[in-house]
Structures are given as structure tokens and as C-alpha cells.
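Next come the chains, spelled out residue by residue.
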Amino acid sequence: MNEVLILARKEMRDAVASGWLVVFAATFAAVAMLLSHIQADSGSLGDQGFNRTTAGLINLCLLLVPLLALILGAGAIAGERDRGTLATLLSQPVSPLQVLFGKYVGLTLAVWGAIAAGFGLAGAFMVMFSSLSDIEHYLMFVLLSGLLASAMLSLGILVSVFAGSRVKALGIAVVLWFVLVLAYDLGAIGLALAVSPSGRTLVAVALLNPAESTRLLAIMSIERDLDVLGPLGAYLTDRVGTAASRGLLLAAIAAWTAAPLAIAARGFSRQDA
Amino acid sequence: MLSATNVTKRYGKTTVLDAASLAIEPGMVTAVIGANGAGKSTLIKSVVGLIRFEGSITINGMDVARDGRRAREMVGYVPQDPAFHSDLTVSETAHFYANLRRLPATRALAAIETAGLEAHAGKKAGALSGGMRQRLALAIAQLADPPVLVLDEPAAGLDVSARLDLRRLVAEQRTAGKAILLSTHWLEDVPYVADNALVLDQGKTVYAGPATGLSAASAAGSKLFLRLNGHSPEAMTLLERMPAAGSIARSGDWVVVSCAATDKARMVEALVGAGIGILDFRVEEASVDAAVLHLQSLRGNLS
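Listed in order, the protein sequences are those of chains A and B. Okay, so the first sequence: first residue is 1 according to my numbering, each after it adds one. Okay, so the second sequence: first residue is 1001 according to my numbering, each after it adds one.
Read the hints as simulated data drawn from the structure, not as lab findings. Among the hints, erroneous ones may be present.
Said to hold, decoys possible - Covered stretches of chain A (chain B as the covering partner; in silico rule of three or more C-beta atoms under 8 Å from a C-beta of chain B): (1) 7-21; (2) 80-86; (3) 89-99.
None of these values were measured; they are calculated from a predicted model. By construction, the Cβ of each residue, glycine as well, lies at the ideal position given by its N, Cα and C atoms.
Just need the whole structure built from these sequences, with the hints factored in.
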């Protein structure tokens, strides 16, 4: 078997054994089920199929997925280095790039598995209360969550390569999560109020944060109403069209996945073990 | 088989290894000797490609800096403090590393057996004692039966019996034609295990040559402690006449003579031959620090 796949399998096993993914999938499924149950009780679910629940899950997902992915990514290299196992691993006939990509692939598959499990359980529960209408939006959101996880894992691994220790890496990961997920919106609102930025600036603000790009993409997929999309979404669809906006946002997420991983790979291959 | 030329490692302006060179042929053992911080581990890690370095290291013609992955296919490495994934069992650990080297599972099982770890195969690697971790590291280093073995302080933390086992293992591997590089700060191990020695002090090479040449280095360092049967004054007079004896002193009931490691037996023979009974004796070998100091002084006298 290819070395990258051997390392990926080991990483997947470690990630699952750590318990984080199980907790995430269970929490996510439980909240999604609760949400759909409440909506079923209030009678709103029947009309809207999966859409209401999907909309309700966006914020939860944008909170949990980046946190999980950043933390797992941050521990990947720094953890091995702290435990002394990195030197043992790199003394084998594997290159640093194979180790890094093996870890990334393993973690990505593990997180995608957890997302699929969480959404899958919730989806199965929802089918009991509603029709299958709009299920494609739900599935699209599952895919977007996976893409967001890939980008955040890439950022986490970048942190892991350059942080001196696991504790430091985890600390930086939590700060990054706070900035990208919690503080970013407030910062953007502050910017909008302070300098009345142009539409292009607003687009740049969205593209500079994979969580924001994912949020916009998710909303665009579910609801094309300009009021729901907000000023940035409205500007994007108005100026470049819906399809091009989606392409732009997807490209931003892809860039957020590739660039940190490429920088991490370059840095890692030049580091002493 | 293994060749290192002018290997230098700098951290900023600090040079921790300065132009170290060595060459090891199949069936030969080279010991890298030095106190803590001398640069032994830096040289060893450079050879395995774990750190970046200046100079050149080749293993069977493969350049470690340029093609580390292929060079490492020919190396089995035992780090100073072996670390394994604590959640894997001994068996899973061996299988994981066998997989990485594309070896069949039977090799992993054989390695566990050879290392005498079959009774612990189901035990988590995190629960192993230091000695057992060392054995597992040796087993993994030999999984692919590589032509080069690199052992970083393999005797550290081992008890006397384990150290003897290690000496035996090194001797077996040498006989099997392996090129072996090992680091140690136990000077007394060197004549038993190594053909050549490289002595480092603060990154600089103070000796490179046959291991037997190191006996001169320990000349003033070895001490022979003798408890005599009430004949200490006569013994001291006799020993003072022997050119091989260095300083002679009394310490309580003991007479302490400094001498070369190779002259110890001659001292005892001379005393017994003169009818001076020896009630007890012990030997204190030269420390690596003393040997390095001696080598430095020799180098200073030559230059």
C-alpha cells in the first residue's frame, strides 16, 4: 500500500480513537434532531421539507466544524513532535511530504466521516417527520461542511507545523477559530460602519475567510431571496450572477485548502525533526 | 557503505557539529564518543536525515540530503529515547512500520519474536518499560534487515545484563556484515564493540581512528583501588618503581593507582609476585570527559 495511504489510515484511526469525532457527530445529530423535532411540533417542517432544518443547522455547523477541524489539524504534527514519535516516523523510508499529506488525508476522511454520520443520523430522523422535498439542499450543505472542514484542517496543519509545541498549536487554533468564526462578522460590521467600504471590499472580506465563504454559499444554495443573502450576497449575485458567485466562493474555499497546506508542506520539509 | 564528509550543523551562529567525517565499511562498527552536548546525536540524526546539515552523507551511494527516503531504506535507526504511538500494541507497532517498509506481516511477527517481545505483543507500546521500548526499537530497526544500523546511545538506561545483550547483538550484526554507527558516552564499551572511534568535543573532532587507539586516551584516567593485607607501604614503594603507574595515593584502607587500562593486570601481577596479598580490588574506568581532556592535551602538544 502507498505510504500516504498507510499514514492516512493510521491518522484516521487515531482521530476516531481520540473521541472528538464521536462527540462531534453525536452532538451534531442530537441538535439537528432536536431542531427538526421542534419544527415538526410547530408544524413548519412539513411545508419546507429539509430547508428549515438546514437553515437552522448552518450556524451550528459554522461553529462546530471549524473548531473540530482546526483542533485536529493543530495536533497532527505538533503532537507527534511532542511525543517524540515524529523522529521515529521520519527515520523510516518516508519523506516529510508523505507524512504531512498522509496526516491531512487521514484527518480529512475522518472529519468527513463524522460530518456524514452526524448529518446522516439527523437526516434519517427528519425523514420520519417530513417529505424528502429540498433534500438536495441538505446534501449540498453536507458537502459544503466537508469543504469547510478541509480548509480548516489545512489551516490547522499549517499551525501545527510552525507552532513549537502541541499546547501552543492548540492555543493558536482556538484563537484562529475565535477570529474567523466569532469575531470576523463583528469586525466586518465595524468596518462597514466605519469606512463604508465598496462592494469589492466586502467581497474581499468574504473571500478572506473560508467560514464566511461557506456561509454565503450555503445560504445561496438554500435561499435566493436577496434579503436573506444580506448586502454582500446581494452585491455578489447582482454583479457577477449566482453561478459565478458560487464559483468565486468555491474557488476561495479551495484556495484556503491548498495554500496553507502548500506552505505547511514547504515549511515541514525544511524543518529538523 | 556509509560515508560522511565534513558534516556541519549550525543553529544561527552556534556550530554544534563542525566538519565531522567518517566512513564505515560493511562488517565494521564505528563508535561516536563524547560527553552530553558533544554533537553525537546531531551527527547521528544527520546520518538518518532527520536534520538538515552542511557537508555530505551517502549511504550505499545515496545522498541523504537529496534522496533521504531512498537512503533510509538502507538504514535501521534506534533513537536515544525510542518513542512509539502509545495507543498501538507492540504487534500493531511492528506491523505499522513493516507496512511502511512494504514488508510482509510475517516479518513483523519474526522481529517481535527475535526481540523476545512475543509475550508482550498485545501490550500497548505506551505501557512498555524503557528496556522493552529499546528492544522494540531494535526490532523495528532490523525489520527490513538493512545493511546499515545507526544506534543513538543504545546502552543508555540499560542494566548490566541488557548492556551485555546489546554488545552481543552488535557483534552478531557486525559478523552478519552490517555497517554499524553507534554513539555512546560509555568509554569502556568501545573496545568491546567498535573497530573505529570518533571522539567529539563541543562539536569538534578530537580523535578519529582505530578504537584501540583510545586506550592511550584513558591512560591517566583509569584507577585501580587495592585493599592490601597490611602491606600498603611496601606496595606503594613497589608501585612507585613501575613506569606504568601514574599517581599513587592512599585512601583509608585502599591504595589508589592511576594507570592505563592495559596496565592494570601488570600492577596486580607485580604485587602478587612480590608476595603482597590483595584482599580486594576494584577498577574505575576513565570517564569520557577525562579521555577527551587527554586527547585535547595530546593534540595541543602536537600542534
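Would you pick out the hints that fail for this structure and give their numbers low to high? none
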